[in-house]
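According to my numbering, the stretch in the sequence shown is residues 2 to 553, in order.
Hint data in this document are derived by calculation from the structure and do not stem from the laboratory. Be a bit skeptical, because a hint or two may be false.
Calculated cross-link-like contacts (lysine to any residue; reagent style SDA-like; alpha-carbon spacing at most 20 Å) [stated by the list, open to error]: (1) Lys272 x Leu53; (2) Lys272 x Val47; (3) Lys272 x Arg462; (4) Lys272 x Pro54.
Label-pair ranges, simulated between beta-carbon atoms [claimed, not checked]: (5) Gly463 x Ser412: 24 to 34 Å; (6) Ile125 x Ser412: 36 to 46 Å; (7) Arg305 x Ile73: 40 to 50 Å; (8) Ala447 x Leu127: 56 to 66 Å; (9) Cys337 x Thr301: 45 to 55 Å.
For clarity, every value in this text was computed on a predicted model and none was experimentally measured. Glycine is no exception: its CB is placed at the ideal position from the N, C-alpha and C atoms.
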Amino acid sequence: MPISTKETSALLAANAVSEAPALIASAPASAQHRRFAFGVVVVLLVVFLTSLPFATIQAPRVDAFLTVSQAIVLFAEFLTAIFLFSQYSIQPRPGLLALASGYICSGLFAFLQTLDFPGAYSSIGLITGTPSGAVWLFFFWRFTFPLSVIAYVLLKEAKETIRPLARLGSGQAIGITIACAIVTTLGLTWLLVAGYLPSLNIGAKQQPLVQYIAVATWSLNSIAVVLLFIRLRTILDVWLIVAVFVSLPDLTFAVFYAVTIRFSVGWYVGKAFLLIGSWTVLVVLLWETTMLYARLASATILERRERTNRLMSVDEATAAVAHEINQPLGAMSLNCETALACLTISPVNLEEIRSCLMDVMTDNRRAREIVTGIRSLFKSAPGQRTTIDISRLVQDVLRMVENDLRVHGISASTQFQEGLPMITGDPIQLQQVVLNLVRNAIDAIASAPGATRAVRLAATRGTNSAVSLLVQDSGPGLTSKSETNIFDPFFTTKASGMGLGLSISRRIIEDHGGDLRLVEANSNGCRFEIILPIAATSDGESFRGLSATARS
2 MPISTKETSA LLAANAVSEA PALIASAPAS AQHRRFAFGV VVVLLVVFLT
52 SLPFATIQAP RVDAFLTVSQ AIVLFAEFLT AIFLFSQYSI QPRPGLLALA
102 SGYICSGLFA FLQTLDFPGA YSSIGLITGT PSGAVWLFFF WRFTFPLSVI
152 AYVLLKEAKE TIRPLARLGS GQAIGITIAC AIVTTLGLTW LLVAGYLPSL
202 NIGAKQQPLV QYIAVATWSL NSIAVVLLFI RLRTILDVWL IVAVFVSLPD
252 LTFAVFYAVT IRFSVGWYVG KAFLLIGSWT VLVVLLWETT MLYARLASAT
302 ILERRERTNR LMSVDEATAA VAHEINQPLG AMSLNCETAL ACLTISPVNL
352 EEIRSCLMDV MTDNRRAREI VTGIRSLFKS APGQRTTIDI SRLVQDVLRM
402 VENDLRVHGI SASTQFQEGL PMITGDPIQL QQVVLNLVRN AIDAIASAPG
452 ATRAVRLAAT RGTNSAVSLL VQDSGPGLTS KSETNIFDPF FTTKASGMGL
502 GLSISRRIIE DHGGDLRLVE ANSNGCRFEI ILPIAATSDG ESFRGLSATA
552 RS
């Protein structure tokens, strides 16, 4: 029987709208993030190792390279700090303030080093007027950033455990952090300008002090990478490792190769790595923020649609049914009371009793007609049927539940038979069916701890010109009673479930000429199968879908 969009609103309410996605500072890092970050590190490491034999070769002097690249660094570091402050304003965590202060100091020291670099804006520099001034500013730059990363690692699990911060609003805490970063930068620069720091000789005969400071700075950056790796939890942690790692090549040249010769190949490579590192976290923040916004916008649209449908199909329909059906129900009750009264009278008036029962039948028929009429009033036209690629539909559903899978630590794998044919149906309704089964699988796995936490979706070409889609989970399974009643309306195994999802899903599939059934349910999990007919062309030949290989 046809099913309307209104009748699927309960399913949309229960399953389509999830909680607001986590922020990047607290969102768990997925295996995909780790693999991609590892790939970036490997590529950069290969580039670094390839450049080592040429590190001491003098390259053409391009003064504009430093001014342009470090102006870009300043821009990127400040933007990253702004993003981190915005994350703090939503989820106050002291670690974010520490990290943001490091980015501010990093951007300021990059700018000051450019001002004092001989040949950038003047032949001897604008701040100290000595060749060693730019070297000290560089070490300040590369020393304060790893310190802030270490502070972030140590404080990132804390929320408002620091009492002074707990008494401040987010705006005040951010303002104080910015002020402290600026004061720290200006204070270290003043020590340099006032002559409290020794002069550093650079070049081929650099003094040991330069290497000692470089070793200390290199070690501090390495410690930051190790601590991040040990306490790796979130997406931000993964890409901070990359950001700190790319600062090591420049320091490595100074420590092990004594390459502080400006405008050498090693010098250019080191500066290029610093430029990449300044943009790493910013690009990830921009990308993840855009993706989170897209998921939130999708959830908001579904929530609004569900709210509108529910108000119409529940509130208005219930009021209309109550108003219209009260009259025939009242008449039936009165006729029954009259018939009972006739039975107490002697002799029994059979004709009167027969008349009352006939009236009851008439009122009962009228009540049925009222219900049918109101149902047709709130029934929407069936959705438009189109040809659908089942593999693409499954991938769309998995993208919708990506955050839920990540939060619960569940892996999702797909396997599609090569040359899988297309099917015909309403893409929105079929998407909701698959979404309901996947969310049920996630809830089942999350409700019972286990070593295996996986959801598997496999699509194959079945018999009788049909496509079969299996949805399998590693949850606790079902009892024999639940197996029998699992598709009954209002039957649920969840504490807060409505019991409508599977019932509505089966009706949708049956309306599409297919079948939805429970294939297996045991202690290793459940396996549901959706069978849908293959789309056919006018000449009877089925559409052939794009081939898809197994992926996980």
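Hints, one by one, checked against the model:
1. Lys272 x Leu53: It holds: about 14 Å lies between the C-alpha atoms, which stays within 20 Å.
2. Lys272 x Val47: Roughly 16 Å between the alpha carbons, so the hint for Lys272 and Val47 holds.
3. Lys272 x Arg462: Answer violated: Lys272 to Arg462 is near 55 Å, above 20 Å.
4. Lys272 x Pro54: holds (17 Å)
5. Gly463 x Ser412: 24 to 34 Å: Given a distance of about 26 Å, which is inside 24 to 34 Å, the answer is holds.
6. Ile125 x Ser412: 36 to 46 Å: violated (60 Å)
7. Arg305 x Ile73: 40 to 50 Å: holds (41 Å)
8. Ala447 x Leu127: 56 to 66 Å: holds (60 Å)
9. Cys337 x Thr301: 45 to 55 Å: Given range 45 to 55 Å: holds, Cβ gap about 51 Å.
Violated hints, listed in ascending order, are 3 and 6; each of the other numbered hints is respected by the structure.
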